[in-house]
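Position one of the sequence shown corresponds to residue 291 (my numbering), numbered consecutively onward.
Do not take every clue at face value.
What the hints assert, rightly or not - Straight-line C-alpha distance at most 25 Å; calculated SDA-like pairs for lysine to any residue:
#1 397 with 303
#2 397 with 478
#3 397 with 445
Don't read these hints as lab results, they were simulated from the structure.
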Amino acid sequence: MTYIDLDRHQSTGTDNHTEARPGLSTVKLYIADYMLRHGDGSTRDRQLARQMIQDSDDHAASLAYAKYPQSIDATAAEFELSSTHGDHRWGISTTSTADTAAFLEAKKTIDPASPILDWMSTAAPVAADGTVQDWGTFLVPGTVGTKWGWSDYGPTVVASTSFGDDFVIAAITYGTIDEHTGDILDALPDTHTDSSDAAA
């Protein structure tokens with residue numbers, strides 16, 4: 291897990307937070323960002339990007355990655371995401387929680403008007419494949435937007451990444467959704483506070 295305090299400019303993480311792991315649907319963030327900023331600017335590209343983020347639509351991701359197979363590696367190079375690597379299928383590409391958090395930190399600080407942040411904030415309650423999207427980093431107090439990921443085959447792996455007004459967080463777990471959520475809440479730094487409570 292990686293946690294970045296945007297106000298203090300401090301990043302903390304578990305011992306394995308730089309380890310390359312299955313990126314699952316969190317790599318859709320990289321594909322969508324590339325499409326929006328380096329694609330052909332078409333309405334279709336924007337529609338696919340929105341479906342990938344709000345609905346975690348795998349078919350949309352496959353269409354987008356077929357059109358822009360360089361998107362994950364190009365985004366990794368641009369944002370210096372050293373553990374992120376694209377593969378011939380987007381679903382088996384890798385990333386780390388450190389990379390995912392760094393990417394979201396960049397979006398929050400240098401591209402706060404990115405549609406990606408808006409779509410994460412308005413994610414569908416249920417994904418395109420029927421998975422409920424209400425777990426993991428979504429449950430961290432103060433969360434504004436979230437992207438989730440989960441394995442459809444092989445070992446059970448789940449991921450989630452979120453941002454709030456003053457933080458970003460990312461986690462990947464070899465285990466169940468409940469284990470993932472528990473690990474996150476247990477590992478939250480003592481400095482984390484719900485910004486809405488702090489402002490009250």
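Numbers of the earlier hints that this structure fails to satisfy, in rising order: As far as the earlier hints go, only 3 is violated by this structure.
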